[in-house]
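Spelled out from the first residue to the last, the chains are:
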Amino acid sequence: MSSLYLDLIRIRFLTMLAYRVNYYSGIIIYSINIGAYYFLWKAIYGDAESLGGFTVAEMTTYVAISWMARAFYFNNLDREIAREIKDGSVAIQLIRPYRYLVVKTMEGFGEGLFRLLMFSVPGMCLALLLFPVQLPTDAGKWLLFLLMLFFSFLINTQINLLTGLFAFFVENNEGMMRLKRVSVDLFSGLIIPISFFPVWAETLLKWLPFQAITYLPSSVITGRIEGAEAYAALGTQIVWFVLLIIPIFGVWRLARKRLIVQGG
Amino acid sequence: MYYASIIVDYLKTYMKTRMTYRADFWIEVVSDLAYQVMNLFFVLVVFQHTNLLAGWTREEIIFIYGYFMIPYGIFSCFFDLWDFADRYVIKGEMDRVLTRPVHNLVQLVLENADPPALFGSLTGFLIMVYAGWQLGLEPRWYDWLVLLVLVIGSAMIYGGIYIALTSVAFYSDSKTGIVPMMYNIQNYGRYPVDIYNKTIRFLLTWVIPFAFVGVYPAAYFLDKEITRIFALLTPLVGAIVLMLGVLIWNIGVKRYRGAGS
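Residue numbers (numbering that gives the first Met the number 0), protein chains in the order written: chain A, 0 to 263; chain B, 0 to 260.
Since the hints were derived computationally from the structure, they do not count as laboratory data.
All clues given are correct.
Now the stretches of chain A that chain B is said to cover, found in silico as 3 or more residues with beta-carbon under 8 Å:
1. 30–41
2. 46–57
Result set (DSS-like, lysine-lysine): computed pairs, CA atoms no more than 25 Å apart in a straight line:
3. A:K205 with A:K179
4. B:K223 with B:K197
5. A:K85 with B:K15
6. B:K197 with A:K41
7. A:K256 with A:K85
8. A:K41 with B:K223
9. B:K90 with B:K253
10. A:K85 with A:K179
11. A:K85 with B:K11
12. A:K205 with A:K140
13. A:K85 with B:K90
Don't be surprised by glycine CBs; every beta carbon is placed ideally from N, CA and C.
Looking at chain A on its own, in the form it has when it is part of the complex (with noise of 0.2 Å):
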């Protein structure tokens, strides 16, 4: 059975490496990314020292270190989910023999791992030779922070799926799964440190979910978050993605049963 999930893995690895358009592009246009919010930030710093409890130098680190993580943790599962429900294929994805939220799952896991080594360390690299970022020499923090990553992954795959299988329930879900995306973006730190919201909104995403996809690895590798804290920072991961497992089964378990195949 693993190895069929393994296989899942691969294939999806391979196909992602067919197009190659895709991560030349992919590169350019995450430095892109990575450089245009770097003088959006120097810009609004102007001459203050800290803000929101960064220093410019920290900024630069998180933001590039940011970007970086969101190639990897980053997929488009929800839009295929809607697109398997509205087309009717997700009949036949049900009768084969296997799970199909781990199938998309391990999908979408072997899409990250591509762009993990095909956008995000290149990238990484020319963002260390544009940018004053400064990445930690710490092995011991880098082991912890790939550890919380692969949590970021799970998460926001949990929240896509989520998202995905609202299709079963209203058909065309392109509204939500456009709001999704921004509000992970946003709330996850990704666009703004947690640190620089309002104490309300600080307080609020501090009970959400979003923050454990970016800010609270990116907080860890920039050392933001250290020692103790930073174990603490992974426990808030897990206890998410436990947390989140308990609505999509509910939902899984739902929407088999209104299955409507529309079309075929």
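Chain A is already provided as a structure; the job is to place chain B on it using the hints.
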């Protein structure tokens, strides 16, 4: 005349399909607006930590944002063909489009038109008027005409860029790789270009001219010295970009070979 009746027919079909999923129609309108509000939220949060962004005040940035939303709404209504490669090229739906007498691009635009996106334009206009009022701007009578011309120019730039990007699908078999990634880049034209370094400024002005969709034309009304000339270039750049986009498209369509089964 022929095209006018086609457009009416498409609109009728559109209304019928949309009314099947009535709830979704409103979810989409609301989520579109929420999307814009969240982007605005970024500006508000940032200005809690600073008073000026490279010499621009909060209201000025919000004004630019409001302007940007108008062409953006028009773009999402007509040119947002994000899954074109997948649906039309890889799955071969383009066959159906090409066998009909109406120009293929016109058909695609009408088939995928999304009129609720125009609510975004309206909201943008209101945000712009509000920010302008806060800034104490006094529009002269012809400023409204200038606004119209600039918005048309900006929308043409948007259209041209995205038509060109969409036609990449004809040249490489790539799945929707580039179009979604461009969503972030278009946002950078909303901030004063003088904050970026030369490379990015050059990129946003001459290569993928998103600066003409936001900061340049909006600055015309703010009487910012530096960008006056650039603002008036907007319609010209728009015409050129749209022409290039359609040209790349037309050459691309000739390379389309169908998709087997």
